[in-house]
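Below, each chain spelled out in residue letters.
Number of protein chains: 2
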Amino acid sequence: MSQNSNQTMSVAIWLDQVLGAAKNNTPAAQASAYAPSNIALSKYWGKREASFNLPVTGSLSISLAEHGTQTGLSVIDAPAHQVILNGEEVDAGQSFVTQLIEWLDRVLPKHIKLRVDTHNTVPTAAGLASSASGFAALTLATNSLMGWHLPEQQLSALARLGSGSASRSLWHGFVKWQAGDRTDGSDSIAEPLEQQWPQLRIGLLTISSQTKAVSSRLGMARTIATSALYQQWPQQAESDLVTIERAIVAGDFETMAKTAEHNAMSMHATMASAWPPLVYWLPESLIQMQKVWQLREQGLPLYLTMDAGPNVKLLFEAKYQQEVQAAFPDIQIITPFA
Amino acid sequence: MSQNSNQTMSVAIWLDQVLGAAKNNTPAAQASAYAPSNIALSKYWGKREASFNLPVTGSLSISLAEHGTQTGLSVIDAPAHQVILNGEEVDAGQSFVTQLIEWLDRVLPKHIKLRVDTHNTVPTAAGLASSASGFAALTLATNSLMGWHLPEQQLSALARLGSGSASRSLWHGFVKWQAGDRTDGSDSIAEPLEQQWPQLRIGLLTISSQTKAVSSRLGMARTIATSALYQQWPQQAESDLVTIERAIVAGDFETMAKTAEHNAMSMHATMASAWPPLVYWLPESLIQMQKVWQLREQGLPLYLTMDAGPNVKLLFEAKYQQEVQAAFPDIQIITPFA
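Each protein sequence line maps, in turn, to chains A and B.
In this text, residue positions in the first sequence follow this note's numbering: the first is 1, and each later residue adds one.
In this text, residue positions in the second sequence follow this note's numbering: the first is 1, and each later residue adds one.
Just so you know, the hints here were simulated from the structure itself, not pulled from any lab data.
Certain hints may be false.
Between beta-carbon pairs, the in silico distance windows are [said to hold, decoys possible]:
(1) P79(A) with T226(B): 54 to 60 Å
(2) Q195(A) with G299(B): 52 to 58 Å
(3) G299(B) with Q294(A): 36 to 42 Å
(4) Q70(B) with S95(A): 39 to 45 Å
(5) S208(B) with D252(A): 53 to 59 Å
(6) G299(B) with T226(A): 18 to 24 Å
(7) E317(B) with Q332(A): 23 to 29 Å
Mimicking BS3-like on lysine-lysine, the simulated pairs with C-alpha atoms at most 25 Å apart in a straight line are [said to hold, decoys possible]:
(8) K258(A) with K319(A)
(9) K291(B) with K212(A)
(10) K291(A) with K212(B)
Here a beta-carbon is modelled for each residue, glycine too, at the ideal position from N, C-alpha and C.
Kindly generate the complete structure, drawing on both the sequences and the hints.
Here it is, written out as structure tokens:
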């Protein structure tokens, strides 16, 4: 335990410490940055603290290369921030926009208003972690615009304030987010693993790109409050994280992918056992899941993972790409280590 | 704890004790009996002992009135038992028949061979607990054929040897099966509750009547062996059982039905978190489940439960029968206390 683990600190005080005098820097006219989306192989499901978005357990992800968010910022002379999502101005009433503006208001001096021009190459809020790449790109672009020159660890913590999984989206490849135990989250930061896995492939089966009815944030809170089975989750999640990291180091695809699927299914199990039940699967999700399990029974080393949404993501190695494409003609294949 | 809770006893020795001299009675020429199927409101999921089918937790069910099994027995002069299921002779290779013959060979003297003529009014092995009514009817018919005159408690234990949930199918109405703690299961018996609930309705949405790919027996074993979340299940199951029994006594439909749905969803959650994942839901199951949740959000007090299969069972009160029928035109409605 750290020295301050039993103290509480507000986000505002922590931000003052991190940004220091740089908070009042004069911004450049504009800046932009890209961040990849990511898929957790060992999931983040449950907060130990909500204002800093501190997780109950660590998690480990793979970034989605060219699937992510490009965000441009420019200083505007206006009373409020403007948010353009995929070319269209969006209402401040949408929860994604509310959270984005809340983040900007926290980190910027009050008088600075921005036009935020954000382009997702993945659907928003459909379980493809676009809030992860969105807040990571926003953090990188703001760091550049404001001339903060913050170290990556602090950028990861800043991105986390917007969305927990954004802490992992600052890098390509495998990224591990430590749970940490400090109340200000200063040890709850992500860092990339050095391992590369050029043969690894991710397949996206997009079942729906509609905004989900229950956000991850609310889903986590409901699960923790009402699922008895969730009490066992932190222990499994920590154990899965260790297994997956070791399998990555060893280049052991089967162990890595099997543990990732087991982890994802167990996370969805904690949701199903919440009250009211939280089931993000659509009938079409189940069709694709059953297809994966059938192919695997027939000998194909193909595994799935799912986030808090209906979309199914496949894990496989390059040598099976043809078989996977034949079975799933609409699949989008990502090469995370291109 | 009972005196013999730390001893082990074979099923054969226990049967000799229970049947005593009656084991060698001369059978009547024929006998028959009916037993209703049942749906657990608080589920049985997991054995603490396999040869006696002893459960990890207690469970509580509602019997399905005229949905059940009628079994006729007649003594035949043949080298082996004959099993007729719904009018057709079935191979000894089928697991239901294997278990049925195994049960007969345990309880009958070796020289007695029977023709077993069993009629289900519900599909076999589709999660409608036809093994429950099947073994309960077989137990009752055998008791009659052999002139055992056993007390109901021992009949419940005998039925349990065939299928755990059969211990609850000897009665109509609400039935509670105590987990017990003795190794011979002599305290793991079911008994009916005295409460009647004439307004209670059960709706059956039959999604598939095909035999399921993984039997409940194997599903339970896989779940216990591989699901970390299952470790939390016994505690929830025992607590749900208490809540449901109290709600029945109080006539509190919402608490009873809500707890039953939460219990069923949590059981399915333990399955989904097994390895390989065990998902009995079909796409059509999910469609019906979502429909129930939508109707409930709109104010209809409608709840669901599911067993180890794809079929969805609804719980509601008589006064909402019209709305339920309008929403689910193919529903079969059961009046458990007709």
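* Between K258(A) and K319(A), is the straight-line Cα distance small enough, at 25 Å or below? -> Since the Cα atoms of K258(A) and K319(A) sit roughly 18 Å apart, the hinted pair holds (cutoff 25 Å).
* **Holds or violated: K291(B) to K212(A), with C-alpha atoms at most 25 Å apart** => holds, 17 Å
* **Whether the CB-CB distance between Q70(B) and S95(A) falls inside 39 to 45 Å** => Because 57 Å falls outside the window, the suggested range is violated.
* Indicate whether the distance between the beta carbons of G299(B) and T226(A) respects the range 18 to 24 Å. => For T226(A) against G299(B), whose Cβ atoms are near 21 Å apart, the range 18 to 24 Å holds.
* G299(B) and Q195(A) - C-beta distance against the hinted 52 to 58 Å -> holds, 53 Å
* Range hint compliance [Cβ, E317(B) to Q332(A), 23 to 29 Å] -> Check failed, 48 Å falls outside 23 to 29 Å.
* Asked: Does the alpha-carbon distance linking K291(A) and K212(B) stay inside the 25 Å limit?
  -> holds, 17 Å
* To do: Take the C-beta atom of G299(B) and the C-beta atom of Q294(A), compute their distance, and say whether it sits inside 36 to 42 Å.
  => holds, 40 Å
* To do: Determine whether the Cβ-Cβ distance between S208(B) and D252(A) falls within the hinted range of 53 to 59 Å.
  => violated, 37 Å
* Outcome for the supplied range 54 to 60 Å, where the beta carbon pair is P79(A) and T226(B) -> holds, 57 Å
Of the numbered hints given earlier, the model fails hints 4, 5 and 7; all others are met.
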